[in-house]
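J.: Sequence:
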Amino acid sequence: MFIPQVNTIPGIEEVNMIKDDGSVIHFNNPKAQASLVANTFAITGHAEYKNISDLLPGILNQLGPDGLTQLKRIASSVASNPAAKAATDDSDDFVPELKANFDEASKAEVADSG
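Per full-length UniProt numbering, the sequence shown starts with residue 1, numbered consecutively.
To be clear, the hints were calculated from the coordinates, so they are not data collected in a lab. Note that this is a predicted model, so its numbers are computed, not measured. Incorrect hints may have been included.
Listed below are the simulated BS3-like cross-link pairs for lysine-lysine, each with C-alpha atoms no more than 27 Å apart in a straight line [stated by the list, open to error]:
| no. | residue 1 | residue 2 |
| --- | --- | --- |
| 1 | K99 | K72 |
| 2 | K107 | K72 |
| 3 | K19 | K31 |
Label-pair ranges, simulated between beta-carbon atoms [unchecked claim]:
| no. | residue 1 | residue 2 | range |
| --- | --- | --- | --- |
| 4 | S53 | K99 | 41 to 47 Å |
| 5 | G64 | S35 | 53 to 59 Å |
| 6 | K31 | K72 | 30 to 36 Å |
| 7 | F94 | Y49 | 17 to 23 Å |
| 8 | N28 | K72 | 24 to 30 Å |
| 9 | P10 | D54 | 38 to 44 Å |
| 10 | K107 | Q62 | 17 to 23 Å |
No residue lacks a Cβ here, since even glycine has one placed at the ideal position from N, Cα and C.
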């Protein structure tokens, strides 16, 4: 039985695995290993699940024909649904209301320990 040697690939800054539904498995500074003889690659590190639109425009050069088609579909769905676009625009403006005074609690904690 032949077990191929796996070699580390240095200098990989990010890896994006684009799924059919438009979501992306994103690895930032992963450890990448490969065995070219066995056509095998291993990516390890902290994975984040993101939407393809969250990674624009930096991901454009990584998209193949299928990815560009997916991106056009997402863009047309956002353009045809202004309510969804308005909802996404307002989400960054939300600021939660402060429920407690943390300065007073901190002063009381310092007084108790001193």
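J.: State for each hint whether it applies.
T.: Results for each hint:
1. Under the criterion of a C-alpha separation no larger than 27 Å, the hint pairing K99 with K72 is inconsistent with the structure, at around 43 Å.
2. A hinted pair counts as satisfied when its Cα atoms are at most 27 Å apart, and K107 with K72 does not qualify at roughly 55 Å.
3. This hinted pair checks out: K19 and K31 have alpha carbons roughly 21 Å apart, not beyond 27 Å.
4. Between S53 and K99 the beta carbons are some 33 Å apart, a value that contradicts the proposed interval 41 to 47 Å.
5. Our hint of 53 to 59 Å for G64 and S35 is violated, since their Cβ atoms are close to 23 Å apart.
6. One distance hint, 30 to 36 Å for the beta-carbon pair K31 and K72, holds here, with the actual separation near 33 Å.
7. Here the CB-CB span from F94 to Y49 is close to 22 Å, well matched to the stated 17 to 23 Å.
8. At roughly 26 Å, the beta-carbon separation of N28 and K72 lies within the given 24 to 30 Å, and the hint holds.
9. For the pair P10 and D54, the beta carbons lie near 27 Å from each other, so the given range of 38 to 44 Å is not met.
10. In this structure the supplied range 17 to 23 Å is violated for K107 paired with Q62, their Cβ-Cβ distance being about 51 Å.
Hint compliance for this structure: hints 1, 2, 4, 5, 9, 10 are broken, all remaining hints hold.
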